[in-house]
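The primary structure of each chain is shown beneath.
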Amino acid sequence: MARKPQENPALDMTPMIDVVFELIIFFVVTIKQEDLFSQLNANRPAPATGKSDSSESDTTVTIAIGAGRDANGVLVYNSREVTRKELDANLRDVARTSTKTPIIVRCEEKSPHKALVDVLDICYRHNLFSVSIFTM
Amino acid sequence: MARKSQENPALDMTPMIDVVFELIIFFVVTLTEAQRKDETIELEDGQHGIVLVPENLPPTHMQIDIASRDKNGRPLPKGRISMGDRELTPDEIGRRVKEKYRKIGEFPILIRADYDVKHEVVAKVMNACTENGIWKISFMAIAEDKTSKPGKPGRPHLNRVRKAR
Numbered sequence: 000m001a002r003k004p005q006e007n008p009a010l011d012m013t014p015m016i017d018v019v020f021e022l023i024i025f026f027v028v029t030i031k032q033e034d035l036f037s038q039l040n041a042n043r044p045a046p047a048t049g050k051s052d053s054s055e056s057d058t059t060v061t062i063a064i065g066a067g068r069d070a071n072g073v074l075v076y077n078s079r080e081v082t083r084k085e086l087d088a089n090l091r092d093v094a095r096t097s098t099k100t101p102i103i104v105r106c107e108e109k110s111p112h113k114a115l116v117d118v119l120d121i122c123y124r125h126n127l128f129s130v131s132i133f134t135m
Numbered sequence: 000m001a002r003k004s005q006e007n008p009a010l011d012m013t014p015m016i017d018v019v020f021e022l023i024i025f026f027v028v029t030l031t032e033a034q035r036k037d038e039t040i041e042l043e044d045g046q047h048g049i050v051l052v053p054e055n056l057p058p059t060h061m062q063i064d065i066a067s068r069d070k071n072g073r074p075l076p077k078g079r080i081s082m083g084d085r086e087l088t089p090d091e092i093g094r095r096v097k098e099k100y101r102k103i104g105e106f107p108i109l110i111r112a113d114y115d116v117k118h119e120v121v122a123k124v125m126n127a128c129t130e131n132g133i134w135k136i137s138f139m140a141i142a143e144d145k146t147s148k149p150g151k152p153g154r155p156h157l158n159r160v161r162k163a164r
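Residue numbers (numbering that gives the first Met the number 0), protein chains in the order written: chain V, 0 to 135; chain R, 0 to 164.
Calculated from the structure, these hints are not laboratory results.
Just so it is clear, CB atoms sit at the ideal spot from N, CA and C, and this is done for glycine as well.
Don't take every hint at face value.
As the list claims (entries may be wrong) - With a straight-line Cα cutoff of 27 Å, these simulated BS3-like cross-link-like pairs (lysine-lysine) come out:
| no. | chain 1 | residue 1 | chain 2 | residue 2 |
| --- | --- | --- | --- | --- |
| 1 | V | Lys109 | R | Lys135 |
| 2 | R | Lys135 | V | Lys99 |
| 3 | R | Lys77 | V | Lys109 |
| 4 | V | Lys109 | R | Lys70 |
| 5 | R | Lys99 | R | Lys135 |
| 6 | R | Lys135 | R | Lys102 |
| 7 | R | Lys77 | R | Lys135 |
| 8 | V | Lys84 | V | Lys99 |
| 9 | R | Lys97 | R | Lys77 |
| 10 | R | Lys102 | V | Lys31 |
| 11 | R | Lys135 | R | Lys97 |
| 12 | V | Lys84 | V | Lys109 |
To be verified - One-sided excerpt, in silico: chain V residues whose CB lies under 8 Å from chain R:
| no. | residue |
| --- | --- |
| 13 | Leu35 |
| 14 | Leu39 |
| 15 | Ala41 |
| 16 | Arg43 |
| 17 | Ala70 |
| 18 | Asn77 |
| 19 | Cys106 |
| 20 | Lys109 |
| 21 | Pro111 |
| 22 | His112 |
| 23 | Val116 |
What the hints assert, rightly or not - Distance ranges between label pairs, derived from CB positions:
| no. | chain 1 | residue 1 | chain 2 | residue 2 | range |
| --- | --- | --- | --- | --- | --- |
| 24 | R | Pro76 | V | Met15 | 19 to 29 Å |
| 25 | V | Ala70 | R | Thr29 | 36 to 46 Å |
| 26 | R | Ile23 | V | Leu35 | 23 to 33 Å |
| 27 | R | Gly83 | V | Thr58 | 36 to 46 Å |
| 28 | R | Arg85 | V | Ser78 | 35 to 45 Å |
| 29 | R | Thr88 | V | Val19 | 43 to 53 Å |
| 30 | V | Ile16 | R | Asp90 | 53 to 63 Å |
From just these sequences and the hints, can you work out the full model?
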């Protein structure tokens, strides 16, 4: 197959650049910006034991989460219903004493997962990382 | 085999570039396929958690999705538990955890549950994990919301503790 003598021996870049721009535009248009995710760690005691034994000390803080009437659930701290803001203030005081304070979160079966994540987030905000989750 | 004298002696790059583009497109498409996940799940905000970047997540981790609505937005009272694209029962989750634990020992479990899921469904999944040796459970939340537009219905943001510092 003989090449035509008038053909330019240098590689013609034009079609390649066209295709590259086409691809760049395609990916820029189709790419979806993703949310940035975070991870909240917690411990789960064995389901059989029900109540924790050795880990529970005088300093342990217990937060209960109930189903409540709306989609947000109800938070109970020190046997008093609290808003997320109040819990935030309370846990700030707890963290001031010691950030190693064990936190126990007791969730009612019908409570929304949202409330648990909110509580974990507030704990993380005050560097309280030893959180255990119980189900009532 | 003698080359024809009129042929250009320089290497022709065109087929190589074609193949390279073919490969790039192939990997981009398969990568997005592999990351397919349950799109109905809406997560709760958790700005104070550990930021989750793929590089920090060990490849051995196991992600469990729990949805509270079906694809048409109708609520599922019992939730839908899945891994990747497959819907699983808590027992099946337990079996998978057991098998993986036997092979590699402890590994992180990440639960990606909808904000609206009832705790009992999450508890079933957590119990399936603890019964098989994994005690540390992580929950996925949104650190920085970039996709949802203000005023978009869905995730209610009542009583949210905002970053004050």
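Violated hints - listed by number, lowest first: 10, 18, 24
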